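Chain A is fixed; fit chain B onto it per the hints.
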Amino acid sequence: MNDKLQISLSGITLANPIIPASGTYGFGDEFAELYDINCLGGISFKGTTREARYGNPLPRIAECGNYGMINAVGLQNPGVEHVIAHELPRLKSHYNGCIVANVSGFSVQDYVETCALLDKEPIDILEVNISCPNVHNGGMAFGTSPEAAAEVTAAVKAVTTKPVYMKLSPNVTDIVAIAKACEAAGADGLCLINTVLGMRIDIRRRRPVIANRYGGYSGAGIFPLALRMVNQVARATSLPIIGCGGVSNAEDVIEMMMAGATAVEIGAANLTNPMVAKEIIDRLPTLMDELKIEKLTDIIGIVNHE
Amino acid sequence: MKQLTFEIKTNEQIAKNVYRMQLSGDTTGIIPGQFVNIRVEGQFLRRPISVCNVEQPLNNTTQPLNHATPLLTIIYKVVGVGTEAMSRLPIGTQLDVLTVLGNGYDLSKSGDKPLLVGGGVGVPPMYMLARQLREMGKAVRVILGFNTKEEVFYEEEFRALGCDVTVTTVDGSHGTKGFVTNALDGKQSYYYTCGPLPMIKALIQAAGTNGEVSMEERMGCGFGACMGCTIQTTQGPKRVCKEGPVFPAEILQL
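Residue numbers (the numbering used here), protein chains in the order written: chain A, 1 to 306; chain B, 1001 to 1254.
The following block holds chain B by itself, in its conformation from the complex:
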């Protein structure tokens, strides 16, 4: 864990109730599947948000966001007063951020044909994971699940990484109609997922336990001190914020 100051470089809506924020600051040590915990003025507890991407400094004026310091990208959904306040923060705001939190995904387990399944705001952590797996030369298949067309984001961004992308919407307004499980082909070497609990349960039922799941729970501190987010597993109690948020599917008791 590190406590650092980041500066907001962009903060914009990218889908219904979903915002992307890019922050400049020290991103050293962050791996895919980890999260940051952000102090929001007026709220007692911090807001834990998964890391969508980290980028090294660019000095290329053809890039839309020319930055001399590393950039941290987070994507968050407005679900309450805290995230609503975040969505109104102007560019230039300095944020108190706890970073390098949680364990992250184990990329060494991916095999040659990893499958990444993201549902809703479970999609963002899949992006940095997909990017690094592509850099390792893996054939990455991505399934992104949303309720409806207005909520879809990052479809093209994943394609730009060279991933085989399938988008599902529950109402069929975009991509394949149905749930992420409707798009499974059973050919993956391993899977990585993050999303709502019903999706995770359905995925494990359909695809087995040869994969890793990022769990979400209400947190107090986000760094292992308060025991507020502990889940029961076949290997005993585990703190989602510390031993997790990523767990092997086979130890979960959902």
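The following block holds chain A by itself, in its conformation from the complex:
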């Protein structure tokens, strides 16, 4: 372990700031075939709901040139009880780092019940997804108004002792207002951004590529947007931020941290280069030397210190 890379989220020490983002890493099994996933600072596991979900019809995936992809998976998962009985013990048996439990719901009650069940489990952080663009009557609906975001935050906080990080949507007029509402309602931290609502059309068939019509755009193309939003929120709240959105290399990680992120999630990049998270962690010390960064905690929000 390299102490220069260590960071802390709500009192939990992570060996480094790198966390694969929920929905791009499953429960780590596929990646463990390629490298020892214990190098990761944390893992945000596949978005979990109260009940099992198949998700959206196919096709769920559309490519966006060299810059990213659209997905409309729609929270396919086996349900929180299955996750607690099977996936979480398996992850715990071969991973010692910070486990971030990503949770979604279709009602406040859904979020509450799922988080209450996970509260008794060996997870470190609850990442409450109020920003999934791919489900109706839920997900993003809670992340697009400050009142609803605050309601979910307060309700979840009431049933757990785990740190609660609210995962925010970029598909809003004012992300700062929503971040502030979460902070006022007792959130321990924030994670941003989720995917950007997008669309592709198959011009030969004259219909949307994605069966669900729209989906979440992710990949390198959204990095500047994510960086801007992380920076806006960092300047407006005092909560720790997990920065997410289009991060593809170690340079992006440094940039995200300079904007105000304490930790950094890697999303779509895992799907195109399954080694990317490890490659970033391996590259960080050299890059830090080049940039004369002694330890990563020194640069968090450094552009906001004027």
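Think of the hints as simulated: they come from the structure by calculation, not from any bench.
All figures in this text were calculated on a predicted structure; none of them were measured in a lab.
Treat the hints with care, since some could be wrong.
Pairs of lysine-lysine, DSS-like flavour, derived with a Cα cap of 30 Å [as the list claims (entries may be wrong)]:
| id | chain 1 | residue 1 | chain 2 | residue 2 |
| --- | --- | --- | --- | --- |
| 1 | B | Lys1002 | A | Lys278 |
| 2 | B | Lys1238 | A | Lys92 |
| 3 | B | Lys1238 | A | Lys278 |
| 4 | A | Lys292 | A | Lys92 |
| 5 | B | Lys1201 | A | Lys92 |
Chain A stretches covered by chain B per the calculated footprint, using a threshold of three residues with CB under 8 Å from any CB of chain B [said to hold, decoys possible]:
| id | segment |
| --- | --- |
| 6 | 62-68 |
| 7 | 150-161 |
Where a beta carbon is used, it is the ideal one built from N, C-alpha and C, also for glycine.
Just chain B now, with coordinates in the frame of chain A:
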């Protein structure tokens, strides 16, 4: 799954919009019905392509392609910008390839008279399967379905393996006129298939469910992480890239 570098040894057109690429690199562990996922410069997602064959090193100068390392053969159709870019890659190009992906066919179920049915670019995975079934001494019947004569490929290659080969074309310009189902004789012990969905549906309707089907879906990662290609089956959701692409016909809900 393994992430490896392969080098392009050949890349040539073999039928209308269809190309064959031979790659040298480590082919260890690949079984018939599995696929590789290839990074193509300029494209965000990889291109998942079924494995047509793997060959061990040759040191025989009478062979057209004398190679000292194992060879991986893939056959792909140009359907968009990614595969179009692949078709222009020169010999010697190094490719970033995820390999040993998916489950592959279960050869132990074949019985003595397996039937292999390939439609269009569903034909390539049948080749390695046919070769291994022939090595096991099975009487392999192969039906290859295409739209028209210009699209036909690998007819002679399957014959060279000692398979009983029937080619069908929709327009009758080559082989038997009609669909692959027109060439069924009902004498197979088991079947293996890969091809377009309408063909698979028709085949299951005509030949029953005593067989295995390789499914195709748009994929994100190709190795089980993103849930982009999950189909619903009678045994619950299954990822085409991970639990598949090969499924017992009886669990499919088409």
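Hint-by-hint comparison with the structure:
no., hint, verdict
1, Lys1002/B / Lys278/A, "holds, 15 Å"
2, Lys1238/B / Lys92/A, "holds, 24 Å"
3, Lys1238/B / Lys278/A, "holds, 28 Å"
4, Lys292/A / Lys92/A, "violated, 36 Å"
5, Lys1201/B / Lys92/A, "violated, 42 Å"
6, 62-68, "holds (count 7)"
7, 150-161, "violated (count 0)"
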